[in-house]
Amino acid sequence: MCKYSHEGKIKCLLPLILLFFIVFLALSNSLQAQNTTKAQVTDTSKVQHKDTTKAQLADTSNDTLKHQLPDSLIYKKIIFTTEEFIRGERLFYGLVYLGDQLVNCAACHNTTVSDTLNWNPDALEISIKYLNKSAYDLSKVLLRPIGKTMKLVHKEFKLTAEDIVLIKAYMNKFETIGLKQSKPVITNLLLLIIAFILFLVATTDLIIKKIFKNRRITWAVITVTGVFITWILAVNAIAFGRSKGYAPAQPIKFSHAVHAGQNKTDCNYCHYTAKISKTAGIPPGSICLNCHFLVRNGTRSGTAEIAKVLGAIDQNKPVQWVRIYRLPDFVFFSHEQHVSAGGINCEACHGNVKEMNRLYQVPDLSMGWCIDCHKARKVNLSNEYYKTYYPDFVSSFKAGKIDSVMIASIGGKDCGKCHY
Amino acid sequence: MKKYWKDIESLKSKKEVRSTEKKPEENELFALLSDPGKILPASRRDFLKLCGFSIGAAALAACQSKVSKAVPYVIAPVELTPGVALYYASSYINGNDYCSILVKTRDGRPIKIEGNPDSGVTRGGTSARVQASVLDLYDGGRLHGPMKDGIPSQWELIDNEIIEKLNKITEEKGTIVLLTPTIYSPSTEAVISGFLKKFNGSEWVEYDAISYSAMLEANKISFGKQVIPDYRFDKADLVVSVGADFLGTWLSPIEYTKQFSSRRDPEHDMNWLIQLESNLSLTGSNADKRIQIKPSQETAILLNIYKDILRSVENRNANAPESPVDVNEISKKLLASKGKSLLISGSNSKQIQLLVNEINRLLGNIGETILFNSYLRTHKALDTSFKTLVKKMQKGAVNALLVWNVNPAYTYFDRDAFTEGLKKVELTVSLSGSPDETNSSVKYLCPDSHYLECWNDAEPKKGLFSLMQPAINQIYDTRQMADSLLKWTGSTTTFHDFMYGYWVENLMKLEPASHNPITFFDSVLQKGIFEPGTSKTEIIEKHLTPGILPFNSTSIKISKGPTEKTLEIVFYETVALGEGRQANNPWLQELPDPVTRICWDNYVSISPAMAKEYDLKDCDVLKLGETEIPVHIQPGQAYGTIGIALGYGRLKCGKVGDRVGVDVWRMLSAEEGNIKNTGKLEKIEKTGKVYPFAQTQTHHSMEGRAFVREAELKEFRANPAAGNEEHAYNLEHNKSLYKERTYPHHHWGMAIDLSKCTGCGNCVIACQAENNVPVVGKEEVHRVHEMHWLRIDRYFTGEEDNPEVVFQPVLCQHCQNAPCENVCPVAATNHSSEGLNQMIYNRCFGTRYCNNNCPYKVRRFNWFNYSAAGTLTGNLRDKEEMTGDLRRMVLNPDVTIRAQGVIEKCSFCVQRIQAAKLKAKYENRALYDNEIQTACSQSCPANAIVFGDMNDKNSELNRLITSGRRYNLLEELYTMPSVNYLTKIKNKIV
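Going line by line, the protein sequences match chains A and B.
Under numbering that gives the first Met the number 0, think of the first position of the first sequence as 0, with each following residue one higher.
Under numbering that gives the first Met the number 0, think of the first position of the second sequence as 0, with each following residue one higher.
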């Protein structure tokens, strides 16, 4: 027989339900966290559109505003090349240098389904509204806004007719594919607070109030929330200082995708010290000049960005890049060791840089990540050095007793190889 | 078994006494938490406050990661690769000190000095002073630019004023005097002669604070050459030194240590060293026989030796007073090794030096061990010329005085006369780069650059040239002395161009093969040295006719020995500080004196017998005339003498060195024009005060266990394992419960030859520079918190009044059964697959269990934030300002800066091992023998330290560790160290 009243049972169940809810949220949250990191890796544009860096250098070539008549041919363009499409996209995300003005449509007009209120029409809404209208109508709103807020925000936009046509062409995409779905985000912090409150309530009840007669449930709540709190603290503590996926805005919109990908420049051309020094080195301005002495225009926003490099050299002021890959001071890593002696590709650690418009940190640079690789990489036993000092390995390799020797077997797990 | 003792208390008591008074007091431990300035016992509240703060700070620090910038060059310099070290061959010139060096620069900053192995003078050796000189470059106390009347000015304005005044003085037939230390740079000498020519009636006076002028005068008489000869300790089977500390400070110690230690190899022929001295000097500590004498007895002793030798060589008799010590044995030995012996004296008395010269001539040493072809040029100054200058100045006969790099207002015994004279000089200009006592009362300051910022050349020995080149741009608005002189003579060329011209004109012809001046100069610059035709030396030596004036022993005056009660003082320079030029260098100040193990101070050394007589204890403060100075009881100090170090007590050298120790230069005096390094004292007065020393002697006691093993040469010849019998016993009986570890691939190890090690302290500073070892200051050393990774232990053996001394460098022994590793709760110290005992700072959280369990006491704990590393601020203890932006430029980027609360220790310079291995792999080859050099082994002037792979059967290291002399420290503990010691073999005279 049940000792407790029906009412009491419901009272007992309440915290349990809450607990299940938390666990469910936590799981979905962690799953989603994984998804988002994946998304970051694959979709660099998502990273890019956060960019609100103000273009600083003046460019005189682009500020003449040509007012086209509404029936001008330009507005009737229907077929666009890929290049033009990309330019439209970049205009929409504010990635095109437009003199001293800042045009970033995506800053206000969402491209994803938002979980917060955004009074501005999102990209889909605009695209539907203007789907059957002419680009000229769009230009009216952009260049001669009527509404109070719009007047303020769209103030002094100086877009050419071509630009507006391209923006519209890009926006039409949303009508077909819709907005990207973004899952509701409950931050770990919120969960932690709920769990902590629950933990406190349960503990207080256990000791002082004693409302819940069933001690087992109270204990269960304490245990589960306790474990959860510890787990979340531990996970976050371990992640302190790690910056996987870190993709800061750089002072120059340098695209590795253009340089290393499309133009197939060898990594070692610019990072010429990677083979001979501890550090791979950020290329000095003089290296940029090797090509950009002649190449002064880019297909997209290149011209303005190249001008920044040239300006830096003219003024003898180095470009202050934001450092992405950074190890703590107590870790010694040598590029020479890995690239020259180890023969490791750049991609092994830095990922597919050739496809990154904006560079981001691929590995988390944790010690586990280093060691995993040391355990899995084979040593090149044909090197005279190994032949001299590791004859036992070399002979058993030749005799076919072992098929490979891993870095870890030759001391690759020694602390003193990296920490000194 | 011999009994070894480290101080007098431990000799007297059976058990080695740990000095209790030197332990930090209990309250002091709590004081660690509170403000370091005022030591107050902290309460529990403070502790909680601190906890709360640190948690809060940690949380805040973790919330936001700093955005760091990566800033490349705009235009990359061709020769510079970021992250790769560049070496420049150069020369170290600081007054009379010379060393041919390689400067290691990283990303444009000089960070380490190595010896230049190609040099015929220093042969790759350095001294502690040379190693520490790189820190002087980053001394914020250096003069920042030209000044007039103490107000910063501009070069152009000052130049114009000085030129105008110099011209005016010359027109009015006034006297311009240029006062410098001995200059042995040929180009600078040429600049100066140009200056003298331009300003008619100007004079050049050379002045050396530590004077060798009696020797110069005596050599002029004996050999017709007013030079210091080229002493060849490597050719001498027997060295008899009367008060000359040639391994520590006398003339050219790096060169002499190289030569001397090359003859301390018991497997080959070993030399003898007999030292007669009052203070226990570094050389005396290494002597095979040491005889204690008073300075006043030197003449009598030398005369007796002279008498003996004259009788047997020329069969003549000479008068000699009764000798205070028995010299028969010395005379016999000297006669037995005629032409292969060397007698030297550290005295600055002309008659003693004449006597020494005559004895050497009789023994046929001239042309054998005393050569004149490549004579030493680093000491040329005569005391009389400076004395004449001071007199002239007092009379007001000097119109302009240009001082460079000498500091007579501090180092001259009659400094009042000098400063008084200085006031009467119209135009006073100082060209010294650092503030000092002299240039504080000078009108114009035209600061010289640091030697690492300068072009220069040197001819330290006749015919042996070397170049100095800048390794960094001028840090401050300074200009090198020769450039200033050139400017004032109206020349428009820079000194570099002048020097280049000089070399092409005068020196290129010495190398007949070279025709292109640019390639000639560049090839010399690359090597750093130019030594044409050094092999010719010996042939010409034979033709030198000695004895221009016939020597007459009767002319020698024997001063009546002072009464028994009179104390004789011997003034000496310490190995670290010398005459005090580098007093503002915290590395040197913290280097313990090799013999007394005291740092950050000077003191009166007094013999134990005398201390008993006067009822003195260590640290009692005495009154000598007007100066108060603490006492240190020094076994081996001759009875009736006291020793005091010069070079301390500076007042205007900078924040680090000001008021460290006591200034005793005033107590010197002159005799026959030469400054004597001895003095007399009628009585000792006690003040009743006590002054604590920062002494590293009793801190690292090994509790009386025998670990320095020695044997006499005879015994060694009979049995290579003589004195080392324990080793075989231990090898046989030691067993471990643990499975024996093997290191089949690399097994790094070291051998330290105690026969060669002189204990000079070069390795300590080399290690400090290489491994970013922090400076802790006097107070912290006193609290047993010194941080040196490598220390040199000094043990006495034998009688308290006349002990023998052994030195033993002790660093982390890299034990295979390491006691420290077992007790670390977080495995922050463990063993690598190559036999290294690794220390991982980021894992360490400071339990200090390892430190407690280490039998060698080589682990160091960061009690405070000495280096400003780590994220938490506060608790910084940096009295010597080593954490300023400028000083930090000396740090080696390849070695982690340790934060507060972690243990650190010797790593066998693992950064160098890694670099060499990488190079070998890259070049697809095996390592060369001796390719990997630790900081200590590389620059050892005695070649006492050898590093290598113990598995490499063909290596030099293997040859040493398979010899019978090899043993390990405390091998009965079966820790199986990778550091091996070789027994000390002494060549005793029977």
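One should not assume that every hint holds.
[As the list claims (entries may be wrong)] Distance ranges between label pairs, derived from CB positions:
1. Lys397(A) <-> His514(B): 41 to 47 Å
2. Met149(A) <-> Lys68(B): 34 to 40 Å
3. Asp496(B) <-> Asn344(A): 48 to 54 Å
4. Thr518(B) <-> Ile401(A): 39 to 45 Å
5. Gly350(A) <-> Thr741(B): 39 to 45 Å
6. Gly297(A) <-> Asn159(B): 25 to 31 Å
7. Leu85(B) <-> Gly350(A): 40 to 46 Å
8. Lys209(A) <-> Lys68(B): 55 to 61 Å
9. Met149(A) <-> Asp476(B): 21 to 27 Å
10. Asp476(B) <-> Asn187(A): 28 to 34 Å
11. His514(B) <-> Leu293(A): 41 to 47 Å
12. Phe844(B) <-> Glu124(A): 45 to 51 Å
[To be verified] Derived lysine-lysine pairs resembling DSBU-like cross-links, with alpha carbons at most 30 Å apart:
13. Lys353(A) <-> Lys68(B)
14. Lys68(B) <-> Lys263(A)
15. Lys234(B) <-> Lys68(B)
16. Lys234(B) <-> Lys412(A)
17. Lys734(B) <-> Lys386(A)
18. Lys374(A) <-> Lys918(B)
19. Lys734(B) <-> Lys316(A)
20. Lys339(B) <-> Lys412(A)
Hints listed in this document are in silico derivations from the structure and should not be mistaken for laboratory results.
Note that beta-carbon positions come from the ideal geometry of N, C-alpha and C, so glycine has one too.
Exercise. Starting from Lys234(B), check that the Cα of Lys412(A) is at most 30 Å away, please.
Key: violated, 51 Å
Practice problem: Given the range 34 to 40 Å, decide if the beta-carbon distance of Met149(A) to Lys68(B) lies inside it. | Solution: Cβ of Met149(A) to Cβ of Lys68(B): about 38 Å, so the range 34 to 40 Å holds.
Quiz item: Holds or violated: Lys734(B) with Lys316(A), Cα cutoff 30 Å?
Solution: violated, 66 Å
Quiz item: Quick one, are Lys734(B) and Lys386(A) close enough, alpha carbons at most 30 Å?
Solution: violated, 34 Å
Quiz item: Lys209(A) and Lys68(B), beta-carbon distance inside 55 to 61 Å?
Solution: Holds, at about 59 Å.
Quiz item: How does the Cβ-Cβ distance of Leu85(B) and Gly350(A) compare with 40 to 46 Å: does it lie in that range?
Solution: violated, 33 Å
Exercise. Mind checking the hinted window 28 to 34 Å against the Cβ distance between Asp476(B) and Asn187(A)?
Key: Between Asp476(B) and Asn187(A), where Cβ atoms are some 56 Å apart, the hint is violated.
Quiz item: Is 45 to 51 Å a correct range for the gap between the Cβ atoms of Phe844(B) and Glu124(A)?
Solution: Given range 45 to 51 Å: violated, Cβ gap about 57 Å.
Quiz prompt | Consistency of beta-carbon spacing, Asp476(B) to Met149(A), with hint 21 to 27 Å | solution = violated, 59 Å
Practice problem: Determine whether the Cβ-Cβ distance between Gly297(A) and Asn159(B) falls within the hinted range of 25 to 31 Å. | Solution: violated, 55 Å
Self-check item: 30 Å limit on alpha-carbon distance, applied to hinted pair Lys353(A) and Lys68(B)
Solution: Holds, because 23 Å separates the two Cα atoms, which is no more than 30 Å.
Quiz item: Given the hint that Lys339(B) pairs with Lys412(A), does the C-alpha gap stay at or below 30 Å?
Solution: Roughly 57 Å separates the two Cα atoms, so the pair is violated.
Violated hints for the displayed structure, listed by number in ascending order: 1, 4, 6, 7, 9, 10, 12, 15, 16, 17, 19, 20.
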